[in-house]
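Please model the complete structure; the sequences and the hints are all you need to start from.
Chains as they are written, first to last, in this note's numbering: chain A, 1 to 728; chain B, 1 to 110.
Source of the hints: derived by calculation from the structure; they are not laboratory data. You may find that some hints are simply not true.
[Unchecked claim] Only some residues are given here: those of chain A computed to face chain B with a beta carbon under 8 Å:
hint	residue
1	Leu177
2	Val192
3	Phe528
4	Ala529
[What the hints assert, rightly or not] Heads up, simulated EDC-like pairs for lysine to aspartate or glutamate below, C-alpha to C-alpha not over 20 Å straight-line:
hint	chain 1	residue 1	chain 2	residue 2
5	B	Lys74	A	Asp202
6	A	Lys184	B	Glu89
7	A	Lys201	B	Glu70
8	A	Lys190	B	Glu86
9	B	Lys30	A	Glu204
10	A	Lys184	B	Glu86
11	A	Lys201	B	Glu38
12	A	Lys201	B	Glu35
13	B	Lys30	A	Glu556
14	A	Lys215	B	Glu89
15	B	Lys30	A	Asp202
16	A	Lys505	A	Asp515
17	B	Lys30	A	Asp198
18	B	Lys30	A	Asp168
19	A	Lys201	B	Glu67
20	A	Lys190	B	Asp28
21	B	Lys30	A	Asp206
22	A	Lys215	B	Glu86
23	B	Lys30	A	Glu208
Every residue gets a Cβ at the ideal spot worked out from N, C-alpha and C, and that includes glycine.
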Amino acid sequence: MSEFDSALKIFAQESEQLLQDMESALLTLESDPNDSETINSLFRAMHTIKGSAGLFGFNPIIAFTHEAESVLDKVRNGERHIDAGLISVLLDSKDHTTKLVDHCLNCPDAPLPDDLAATSSLLIERLTGKSQAHTLQSSDSLSPLHSEGGGDISLDDSWLISLDFKTDALRNGMDPLSFLRYLKTLGEIKDVLTFFPDMPKDAEMDPESCYLHFKIVFNSDASKQTIEAVFEFAADDCDIKILPPNSKIDTYLQLLDAMDENHVSLLGDMLVQIGALTPNDVNHALTNQAHARQTDIEPVKPIGEILVEQQVVQQPVVEQALKKQEQTKQKIATESNYIRVDAGKLGHLINLVGELVISSAAMNLIVDRHGLSDAGDVAASMNSLVNAIRDTALELRMVQIGETFSRFRRVVRDVSNELGKEIELKIYGGETELDKTVVEKINDPLTHLIRNSLDHGIESPEQRLAAGKPAQGSVQLNAYHESGHIVIQIADDGAGLNSEKIVAKAIANGLIKPDHGLTQQEIYNLIFAAGLSTKEQATNLSGRGVGMDVVKKNIEALRGSVSIDSTPGEGTTISIQLPLTLAIIDGFMVGTNETRYIIPLNMVAECIEMDSRECEINEVEHYINLRGHALPYLRLGDYFHSPKTENAKKRESVVVVKFGQDKAGFVVDALHGEHQTVIKPLGKIFEKLKYITGATVLGDGNVALILDVQGLIETAINKRKKNAALPA
Amino acid sequence: MSIEIKQLKNAAAHLAINGEMTIYTALDQKTTFSECLENNKELQIDLSGVSEIDSAGLQLLLFVKREANERHIKLSLIHHSQPVVEVFELLNLGNHFGDPIVLSANWKKT
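Following this line, the structure appears as structure tokens:
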């Protein structure tokens, strides 16, 4: 409870300060009664003290400051004139508030002494000019409950249980009396109100229906959960409301204060945890809320409000829980478990780790070369440590994509308002992680694609209804990991792409010839070409035909790829594939003619010896017969060098690589195995180099080139097509 | 279950209930009570023979009381059997049974 104590201390200090300010403000007012800023500060002082006192349930303070506040509010609005008389009453009120605060802090549980209570009434009388008929005690019990019996029930130490049995309860074998008997075993039933307002007259009354309602005032130390369990069997046939005693409020507030501040929980969960609610209460409220959302008659109320309305928990408890929730959120947001690190430092660390990986490779090489078997063990364990460090260092830069995704909620909201469309954004896989640098660079292309979906993809509500679809369109953002890549999908349930329009436009722009012979898929991908937009009229959002090509370029700059799929009338899906990181990859090293190449390991499907039984090469039609399947291939040596002149037949191997759906074989001279590859970007002059995405330094100081597998697969497939088309 | 009806004098009846007042008997008993309410200005219900009373039975008594009140029929419950007393105590209906709005003894005090 130390937090509670320290909060009290803050309250004491704060009130003291405010009251002092109030005094000096009053004194200023004596000389200058029209100073509106000073009047405001008076109002704020009373208002703040009232608010803070409310948090601690200091009812005498609340009651008194409330009156003072109302008077000051009137003064502030010019409804009441401030004069020497009022100032002196206010000065007395200030002194009195000080006493009230002292009393509440020193003996919070004791009732207000008579003299203080009397002063309160007297001052209120002087402040308001009205006589204070009822004593302050009435404000002690919060929101008195009006029962059909008329009048209020004092609930300070008792549970209030409302049982509203449904008509069929008796027929279903319930006997309400038996629940009351059982309840008696848990505590003392102080009072029962039995009423039957809906019992019909005379002949209408069905003696087998149940018209009984009970309100039970119940004293018990049992928890809410236990009490609720009494009525467990009746739950279907009875509306049960269990309101904790007011005296429990303090306990709940204290428990709330003591709650763990390291996680943000849902409001319902918090209240269940402290015992103010049972899971049933929360479920019930949630069902109501969901129901309200569906019927859509009035704005959906927050869950806390529903709970109070259902009379299962008191307002102050909910307020405090909300406050606590907010505090926890803030705390997590501010101090939390994160350390903010300069991205530059992190980049430097990752560079160093890269160097470490290279030198560890060099060391392994030397250990191997000299056959130092005892050093081999040490090297191996160091190697695994280096791997672990590499992975951890890379993970430091990994961030969840969810934050980027949720930024688009605003975009979708604004754009759909602007366009007069109803569009919902659904987000999946927000917890998928990828490199921060990638996240930053993917933001613009994503925005563009989403705007495109909103503008071109989703139809207007009328068109949608006419097409038999719900008026509300949806755009889905989805992210998931797939073979070392992250895939981000933007899917809409709109009209889909119109391939005829695309073809017409592409022909008009000279992108393709009328006898193009392209597949549907290839036609769709034409929209990534520069200068192509199918929207007849450009809006200020999109449609100028500038952008999709930029999107593609941006994504390819990240070593990623983008593809599009569409079903007319059902929607369009754009998939972006991106590498998880831009720094270090697991590579597979191969060699031809002394040159070494790195293929990203996750793209390698298998390695096969050439001319083995499983694998035959057909040089004329340019394919490899791999277990009965035709596989396009590339001879890496031939492709990157001038063809070999020496005739010495080397043993060749085939590395089968895959990218997405496509597969191809790379024919190489040597397989060097897995290699930790630190990607070094190529210099400016090599920037335009095709099919090489980067380089890496090997342990022996040589350089290996990293292959652009995707581009090479395409080349292989094209070559195969060309050769297959030739007459044999 | 049975209700013995003794017509005492003009428009006054004495009803003695024997056996249970439960959901199983409520329908029959209600018919009998309704008839008596139609034809009398004064009703005496003798509960001494009530061996068991459940919510339906209690509800029926509450119903009879309300109807009687509305028609200005004088209703008195007499000779409460133990099960009836127990239920009346449980619900604090006790002596106050018959108030237009059923309030308990404790309630009156506070």
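Do the hints match the structure? See the list:
Restraint check, Leu177/A versus chain B: the minimum CB separation of about 5 Å is within 8 Å; hint holds. Taken as an interface hint, Val192/A checks out: its beta carbon lies about 5 Å from the nearest beta carbon of chain B, inside 8 Å. The restraint placing Phe528/A at the interface with chain B is violated, with a minimum CB-CB distance near 74 Å, outside the 8 Å limit. Interface restraint check for Ala529/A: the shortest CB-CB distance to chain B comes to about 79 Å, outside 8 Å, so the restraint is violated.
A hinted pair counts as satisfied when its Cα atoms are at most 20 Å apart, and Lys74/B with Asp202/A qualifies at roughly 17 Å. A distance of roughly 12 Å separates the Cα atoms of Lys184/A and Glu89/B; the hinted pair therefore holds under the 20 Å criterion. Simply put, Lys201/A and Glu70/B have alpha-carbon atoms about 10 Å apart, close enough for the 20 Å limit, and the pair holds. As the CA atoms of Lys190/A and Glu86/B are separated by approximately 16 Å, the hinted pair is consistent with the 20 Å bound.
Among the hinted pairs, Lys30/B with Glu204/A is consistent with the structure: their alpha-carbon atoms are about 11 Å apart, no more than 20 Å. Under the criterion of a C-alpha separation no larger than 20 Å, the hint pairing Lys184/A with Glu86/B is consistent with the structure, at around 13 Å. Between the alpha carbons of Lys201/A and Glu38/B the distance comes to roughly 13 Å, so the proposed pair stays at or under 20 Å and holds. The straight-line distance between the Cα atoms of Lys201/A and Glu35/B is roughly 14 Å, inside the 20 Å bound, and the hint therefore holds.
Restraint check for Lys30/B and Glu556/A: the C-alpha separation of about 85 Å exceeds 20 Å, so the hint is violated. For the hint linking Lys215/A to Glu89/B, the alpha-carbon distance of about 15 Å falls within 20 Å, and the restraint holds. A threshold of 20 Å between alpha carbons decides the hint, and for Lys30/B with Asp202/A the separation of about 10 Å falls inside it, so the pair holds. In summary, the hint linking Lys505/A to Asp515/A is supported, as the alpha carbons are separated by about 14 Å, within the 20 Å threshold.
Using a Cα cut-off of 20 Å, the hinted pair Lys30/B and Asp198/A holds, with the two alpha carbons roughly 17 Å apart. Using a Cα cut-off of 20 Å, the hinted pair Lys30/B and Asp168/A holds, with the two alpha carbons roughly 18 Å apart. A C-alpha spacing of about 8 Å is found between Lys201/A and Glu67/B, which places the hinted pair at or below 20 Å, so the restraint holds. Under the criterion of a C-alpha separation no larger than 20 Å, the hint pairing Lys190/A with Asp28/B is inconsistent with the structure, at around 35 Å.
This hinted pair checks out: Lys30/B and Asp206/A have alpha carbons roughly 9 Å apart, not beyond 20 Å. Note on Lys215/A and Glu86/B: the hinted pairing holds, with a Cα-Cα distance of about 19 Å set against a maximum of 20 Å. The straight-line distance between the Cα atoms of Lys30/B and Glu208/A is roughly 10 Å, inside the 20 Å bound, and the hint therefore holds.
Violated hints for the displayed structure, listed by number in ascending order: 3, 4, 13 and 20.
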